[in-house]
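A.B. asks: Residues per chain are reported as follows:
2 protein chains.
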Amino acid sequence: MGEFVLNPQLEADTHLVSELESCSLRLLDDARWPWLVLVPRIAGIEEWHDLSKGQRIMIDDEVARVACALKTMTGCEKINIATIGNMVRQLHIHVIARNQEDANWPGPVWSYGEREPYEQDDADSFITAFKRNF
Amino acid sequence: MGEFVLNPQLEADTHLVSELESCSLRLLDDARWPWLVLVPRIAGIEEWHDLSKGQRIMIDDEVARVACALKTMTGCEKINIATIGNMVRQLHIHVIARNQEDANWPGPVWSYGEREPYEQDDADSFITAFKRNF
Numbered sequence: 063m064g065e066f067v068l069n070p071q072l073e074a075d076t077h078l079v080s081e082l083e084s085c086s087l088r089l090l091d092d093a094r095w096p097w098l099v100l101v102p103r104i105a106g107i108e109e110w111h112d113l114s115k116g117q118r119i120m121i122d123d124e125v126a127r128v129a130c131a132l133k134t135m136t137g138c139e140k141i142n143i144a145t146i147g148n149m150v151r152q153l154h155i156h157v158i159a160r161n162q163e164d165a166n167w168p169g170p171v172w173s174y175g176e177r178e179p180y181e182q183d184d185a186d187s188f189i190t191a192f193k194r195n196f
Numbered sequence: 063m064g065e066f067v068l069n070p071q072l073e074a075d076t077h078l079v080s081e082l083e084s085c086s087l088r089l090l091d092d093a094r095w096p097w098l099v100l101v102p103r104i105a106g107i108e109e110w111h112d113l114s115k116g117q118r119i120m121i122d123d124e125v126a127r128v129a130c131a132l133k134t135m136t137g138c139e140k141i142n143i144a145t146i147g148n149m150v151r152q153l154h155i156h157v158i159a160r161n162q163e164d165a166n167w168p169g170p171v172w173s174y175g176e177r178e179p180y181e182q183d184d185a186d187s188f189i190t191a192f193k194r195n196f
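Protein chains in written order, with our numbering: chain L, 63 to 196; chain W, 63 to 196.
Rather than coming from a laboratory, the hints here were simulated on the basis of the structure.
There could be a bad hint or two in this list.
Copies of the same chain look alike in the list, so a pair counts if it works inside one copy or between any two.
What the hints assert, rightly or not - List time: in silico DSS-like cross-link candidates among lysine-lysine, alpha-carbon distance up to 25 Å: (1) K115 / K140; (2) K115 / K193; (3) K193 / K140; (4) K133 / K193.
Computed from a prediction, not measured in an experiment: that's the story for all the values here.
Given these sequences and hints, build the entire structure.
C.D. replies: Dropping the structure here:
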């Protein structure tokens with residue numbers, strides 16, 4: 063398998079929030095939605111069901127903690143959680159805060175319209191606020 | 063909380079595949095993609111992170127088993143797993159087999175185009191074939 067290396071597209075599209083025990087927690091660089099991505103630091107894994115049970119439990123604990131904190135922080139209407147990977151195959155899990163007024167509600171966020179990158183200050187503020195709730 | 067009752071919209075949009083230990087496993091009535099839905103039989107739950115850790119482990123075991131069997135059965139390019147719930151709030155988890163030639167690849171399946179209901183025989187055949195792999 064070799065060593066884990068973060069996919070260059072995931073790296074380019076995100077800001078690092080924190081290195082958790084199992085995952086690199088990252089903010090997707092799209093200010094239209096509060097959107098976090100967890101990337102398990104495991105080389106060569108594309109499908110959720112190819113993880114061991116122990117890996118799934120550890121990663122899902124981080125997913126649930128992130129989802130709970132993001133809901134608390136944003137007071138959003140609904141959390142969306144997904145692992146899709148049709149474009150970038152390295153396993154990654156999306157955790158997104160959705161609201162009735164947001165872009166494409168109640169449709170999905172993926173492949174919708176044009177990304178709106180954060181100003182660096184806004185990304186930093188988001189990350190600081192998230193960490194207060196995490 | 064009261065007793066668990068399957069959401070009427072989920073019931074109307076799906077065919078029962080099997081009652082698993084934690085979830086009702088159902089085939090979404092849209093022949094464009096091989097698309098299964100797991101509905102945990104727990105009353106009043108909308109968010110994944112509101113489940114207990116024990117509930118998450120049991121449900122995720124069923125999700126991973128379903129995903130593995132669906133990949134084996136279809137030989138698909140990529141499995142998509144998601145809990146969204148922007149329209150139907152009762153917690154449910156999508157497991158979908160995706161291929162490069164399918165509708166809206168590599169975009170998401172949700173809110174795309176018009177649903178194409180199965181002929182009853184085709185739904186029955188899908189369910190029979192799935193169970194052989196499950």
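A.B. asks: Confirm or reject each hint.
C.D. replies: Results of checking the hints against the structure:
1. Taking the shortest alpha-carbon separations for K115 and K140, only the inter-copy value of 20 Å comes in at or below 25 Å, while the best intra-copy value is 27 Å.
2. When the C-alpha separation of K115 and K193 is checked against a cutoff of 25 Å, the pair qualifies only between copies, where the shortest distance is 22 Å, while the shortest distance within a copy is 28 Å.
3. Taking the shortest alpha-carbon separations for K193 and K140, only the intra-copy value of 20 Å comes in at or below 25 Å, while the best inter-copy value is 33 Å.
4. Taking CA atoms no more than 25 Å apart as the test, K133 paired with K193 passes inside one copy only; the shortest distance there is 13 Å, against 37 Å between copies.
Taken one by one, the earlier hints all hold for this structure without exception.
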